[in-house]
Amino acid sequence: MGQKLYPRATVKKIVKAHSNCSISKNADVMIFLDYMLFMQNLVKEASIEAKKGGERGITARSVKKVTADSLAKFKG
Amino acid sequence: MARESRPLDATPRAASADPISNFRRSLIQTPGSQRRPLGLSASGRKIAPPTATPHARAAFRTIDSRRAAIFTPHRARRKSVREARDSPRDLLLGLGRVLAKKTEPIVTSSSSPGDTPNTSRSDDDSHETTLGPLHMSYDDDDEADLPKRPRLSLPIDREDDSGSDDLVPHRSILLDNEDNFTMQSVEMPRRAYSEGPGGRLSMNSTRMSDFFNTNDMLHSEDFGRESGMFPPINAIEEEGTFTMADIMSPERLESDAGRRETGHESDFGIHVPVDIDDQTSFVINPEVQSSPVRQPADLDEPVYEDFAPMEDARSDSYDGGVDDGPDDFGDVGNLPDMEDEDLDNAANETTRMDTGNITETEVLTHAQRAELRAAAAARKKRINISKHGIQYPSLPPAVVKRLAQNFAKTSGAKGKITPDAMNAIMQASDWFFEQLGEDLEAYSKHAGRNTINESDVITLMRRQRHINSQTTPFALASRYLPRELLQDLRMPPPVLSKIRRKTGEEAAPEAEEDESVT
Numbered sequence: 001m002g003q004k005l006y007p008r009a010t011v012k013k014i015v016k017a018h019s020n021c022s023i024s025k026n027a028d029v030m031i032f033l034d035y036m037l038f039m040q041n042l043v044k045e046a047s048i049e050a051k052k053g054g055e056r057g058i059t060a061r062s063v064k065k066v067t068a069d070s071l072a073k074f075k076g
Numbered sequence: 001m002a003r004e005s006r007p008l009d010a011t012p013r014a015a016s017a018d019p020i021s022n023f024r025r026s027l028i029q030t031p032g033s034q035r036r037p038l039g040l041s042a043s044g045r046k047i048a049p050p051t052a053t054p055h056a057r058a059a060f061r062t063i064d065s066r067r068a069a070i071f072t073p074h075r076a077r078r079k080s081v082r083e084a085r086d087s088p089r090d091l092l093l094g095l096g097r098v099l100a101k102k103t104e105p106i107v108t109s110s111s112s113p114g115d116t117p118n119t120s121r122s123d124d125d126s127h128e129t130t131l132g133p134l135h136m137s138y139d140d141d142d143e144a145d146l147p148k149r150p151r152l153s154l155p156i157d158r159e160d161d162s163g164s165d166d167l168v169p170h171r172s173i174l175l176d177n178e179d180n181f182t183m184q185s186v187e188m189p190r191r192a193y194s195e196g197p198g199g200r201l202s203m204n205s206t207r208m209s210d211f212f213n214t215n216d217m218l219h220s221e222d223f224g225r226e227s228g229m230f231p232p233i234n235a236i237e238e239e240g241t242f243t244m245a246d247i248m249s250p251e252r253l254e255s256d257a258g259r260r261e262t263g264h265e266s267d268f269g270i271h272v273p274v275d276i277d278d279q280t281s282f283v284i285n286p287e288v289q290s291s292p293v294r295q296p297a298d299l300d301e302p303v304y305e306d307f308a309p310m311e312d313a314r315s316d317s318y319d320g321g322v323d324d325g326p327d328d329f330g331d332v333g334n335l336p337d338m339e340d341e342d343l344d345n346a347a348n349e350t351t352r353m354d355t356g357n358i359t360e361t362e363v364l365t366h367a368q369r370a371e372l373r374a375a376a377a378a379r380k381k382r383i384n385i386s387k388h389g390i391q392y393p394s395l396p397p398a399v400v401k402r403l404a405q406n407f408a409k410t411s412g413a414k415g416k417i418t419p420d421a422m423n424a425i426m427q428a429s430d431w432f433f434e435q436l437g438e439d440l441e442a443y444s445k446h447a448g449r450n451t452i453n454e455s456d457v458i459t460l461m462r463r464q465r466h467i468n469s470q471t472t473p474f475a476l477a478s479r480y481l482p483r484e485l486l487q488d489l490r491m492p493p494p495v496l497s498k499i500r501r502k503t504g505e506e507a508a509p510e511a512e513e514d515e516s517v518t
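One line per chain: the protein sequences are H and W, in this order.
Under the UniProt record's numbering, the residues of the first sequence are numbered 1 to 76, in order.
Under the UniProt record's numbering, the residues of the second sequence are numbered 1 to 518, in order.
No lab work stands behind these hints, which were simulated from the structure alone.
The C-beta atom is built at its ideal place from N, Cα and C for all residues, glycine as well.
Hints should not be assumed to be uniformly reliable.
[As the list claims (entries may be wrong)] Each computed DSS-like pair below joins lysine-lysine, with the alpha-carbon atoms no more than 27 Å apart:
| id | chain 1 | residue 1 | chain 2 | residue 2 |
| --- | --- | --- | --- | --- |
| 1 | H | K12 | W | K445 |
| 2 | W | K401 | H | K64 |
| 3 | H | K4 | W | K416 |
| 4 | H | K51 | H | K13 |
| 5 | H | K4 | H | K16 |
| 6 | H | K51 | W | K416 |
[Unchecked claim] Some chain H residues well away from chain W (every beta-carbon gap over 10 Å; in silico):
| id | residue |
| --- | --- |
| 7 | K52 |
| 8 | G53 |
| 9 | G54 |
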């Protein structure tokens, strides 16, 4: 990858805002790793759902349908 | 496959000449092609199998065997060639047949000078033109047997055997032999046929029961379908439902009316006039849409009133976000609850306690403020406000899109993601970070810290079942993260040691693996 994978500062800001905590130096890498896992799960489920619904690609409908499940799966 | 391919090649030859057919299967097919047009069709079907699946091939084999069993004469003295396949000694019969071909003139000569048959043949001389060639063709098949049957061989009898007995008696015998297959083959369609009306009846009954359930407003879809299927029944029973609804709960209609009047949900506002029209003419119009729209509203009264506007607000703002972009995305991030909370804070600050009756000016100012903020900052990043009142940007869409495309490719779908889907994914990721932040906050606060450590994240991932005895966090990281970030993970030694220690506490082998890996 030529460009960097993700803006670390942005992720830190996001988590900081939601948790109202400071974040240790490299925790955001792990957080982003978790986010990647989430995205993988979401996209995979959405594509399965899209195939089931006979859609061609991933659509908003399939993503919305799957979002709740994958969020629940990633509930700590 | 080689065996299968042989008879394919052999079928045209077999039709032309017998003696080539030394193999069993070719023996099987040759008479089929000779005798019956059905056999030809069977052989013609056999062309399909090599391309077909093994099951299909087996099916073809059984079909052909059935056909052969049906159409072969089954007398003991007169062994048909199709049976030859079944009994192992028929190889010998095949040889005998080949040899019998050579003795053909002898047979014909022996049969022709026969004394007793002469009278009959002389009787049949007029018919020889028609029946004669048939005899000869049958003789070709059964010449092996002909010498065994010496003087009784009356061609007329054979004709009777072959012609009359072929179909009926042999079928019955073979049915006795192969009860299962043929009987099943006969009965299968019967079952299907019998199941059909039964299922329909049951469907009718269930629909009727569903229909009565719809009095309780449970199954809206079935209701709608039924109205489409059987208008008159519907008419009767919907009248019943309406009266029931009116009697049982007049409040529902009132609530509907109230909802229409307020019309705080744009979606429902659109649908409402349709419903009003339908209440008078609903019986006539079998509209599928109208009933589900109206009934869940009746169903979930207490829950739905709270729930629906939230969803609608989200979806509306969401769809609006697609169109307008930044202005509405400020609303997307700010869930209605959050706005209310912020409003509550503001109200508490100003010591106005009635949160429900906040003046609209404040709402407007607040919303306007948010919009202004969003509009101001939306050029670069959308800014949302978290539960704690802290602004935060959402992830840049390019990053999310790249991630999603990569994962979509790996999950088998095309890498293309529509902008709508992209917005949905952005929404999901916002929610994900919100949830994750709250969880991490809970973990760190529980540990008595005010800082989110990597151990918190690892705990979270363990609870998400992403880290277990099989997979270490480092393995996950090395699988998903690029080298640079891995190096960031690796570079500071204390961080790694933390990971190791964490895993070492839980499971010893993991730590060993980690050490070996690193």
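Between K51(H) and K13(H), does the CA-CA distance stay at or below 27 Å? Given pair K51(H), K13(H) is violated - Cα atoms ~36 Å apart, limit 27 Å.
Would you mind confirming whether the straight-line C-alpha gap from K4(H) to K416(W) stays at or under 27 Å? Holds: K4(H) and K416(W) sit about 21 Å apart, inside 27 Å.
Is the nearest CB of chain W more than 10 Å from the CB of G54(H)? Answer for G54(H): holds, closest chain W Cβ roughly 13 Å.
Can the restraint linking K401(W) and K64(H) be considered satisfied, given a maximum Cα separation of 27 Å? Roughly 16 Å between the alpha carbons, so the hint for K401(W) and K64(H) holds.
Quickly compare the C-alpha distance for K51(H) and K416(W) to 27 Å and report which way the hint goes. holds, 14 Å
Between K12(H) and K445(W), does the CA-CA distance stay at or below 27 Å? Satisfied, since the Cα-Cα distance of roughly 18 Å is no more than 27 Å.
Agreement of K4(H) and K16(H) with the hint, judged by alpha carbon distance not exceeding 27 Å: Judged against 27 Å, a Cα distance of about 21 Å means the pair holds.
Does the claim that G53(H) lies off the interface hold, with its Cβ farther than 10 Å from every Cβ of chain W? Non-interface label on G53(H) holds, nearest chain W Cβ at 12 Å vs cutoff 10 Å.
Check the non-interface label on K52(H): least C-beta distance to chain W beyond 10 Å or not. Holds: least Cβ distance 12 Å, greater than 10 Å.
In summary, the structure is inconsistent with hint 4 from the numbered list given earlier, while agreeing with all the others.
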